[in-house]
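Numbering-wise, my numbering puts 251 at position 145 of the sequence shown, and it's gapless, one number per residue.
The hints are simulated quantities; they were obtained by calculation from the structure and are not laboratory data.
Among the hints, a few may not be true.
[To be verified] Below are the BS3-like pairs computed for lysine-lysine, each with C-alpha atoms no more than 25 Å apart in a straight line:
1) 255 / 179
2) 267 / 116
3) 116 / 209
4) 215 / 179
5) 245 / 267
6) 179 / 204
7) 204 / 185
8) 183 / 215
9) 204 / 116
10) 123 / 183
11) 255 / 209
Bear in mind the structure is a predicted one, so any value in this text is a computation, not a measurement.
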Amino acid sequence: MVLSEQALKKIDRELAKFPADQRQSAVMAALAIAQDETSWLSPEVLQFVADYIGMPAVAVQEVATFYNMYNTKPVGKFKISVCTNLPCALSGGERAAKHLREKLGLGYKETSADGMFTIVEGECMGACGDAPVMLVNNKRMCSWMTNDKIDALVGELSAQKVELK
């Protein structure tokens with residue numbers, strides 16, 4: 107089985123929110139649940155979600171590739187999205203992105219050799235007043251990211267590498 111019973115139960119809860127003839131309405135939630143479990147949405151996972159929900163695989167793939175919160179390629183344990191849209195760029199987003207890229211020795215869409223980090227440019231995160239902002243694994247918003255705060259974040263996340271062993 108591609109996804110665990112626990113993940114399927116979560117998807118079933120999402121499916122229950124919609125009429126039986128509108129199961130496709132749960133596709134975004136189903137993809138998020140699948141990604142939480144697998145870390146990225148492989149073609150096999152996309153096909154599984156499509157079959158489980160009962161919609162064409164191409165439609166599921168369209169959703170997964172349209173939204174940047176879905177990983178359709180392998181990413182590091184920590185995907186850090188940096189907002190570089192104009193409001194954030196004007197408030198230090200480009201500086202923050204440059205510092206993060208230099209600190210990790212990575213460009214956008216690159217993953218560190220140890221598999222810990224991937225950096226991506228993010229679309230507007232709706233936190234322009236908190237700029238510059240970063241989002242870790244689509245779940246943790248980090249605001250007002252100075253160089254010191256970026257260094258602390260990378261240090262905190264890097265410390266979790268020890269826990270992986």
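Going down the list of hints, with the structure as the test:
1. 255 / 179: At roughly 28 Å apart (the allowed maximum being 25 Å), residue 179 and residue 255 break the hint.
2. 267 / 116: violated (28 Å)
3. 116 / 209: Not satisfied, since the Cα-Cα distance of roughly 37 Å exceeds 25 Å.
4. 215 / 179: holds (10 Å)
5. 245 / 267: holds (19 Å)
6. 179 / 204: With a Cα-Cα distance of about 23 Å, the restraint between residue 179 and residue 204 holds, given a limit of 25 Å.
7. 204 / 185: holds (16 Å)
8. 183 / 215: With a Cα-Cα distance of about 13 Å, the restraint between residue 183 and residue 215 holds, given a limit of 25 Å.
9. 204 / 116: violated (38 Å)
10. 123 / 183: violated (31 Å)
11. 255 / 209: holds (12 Å)
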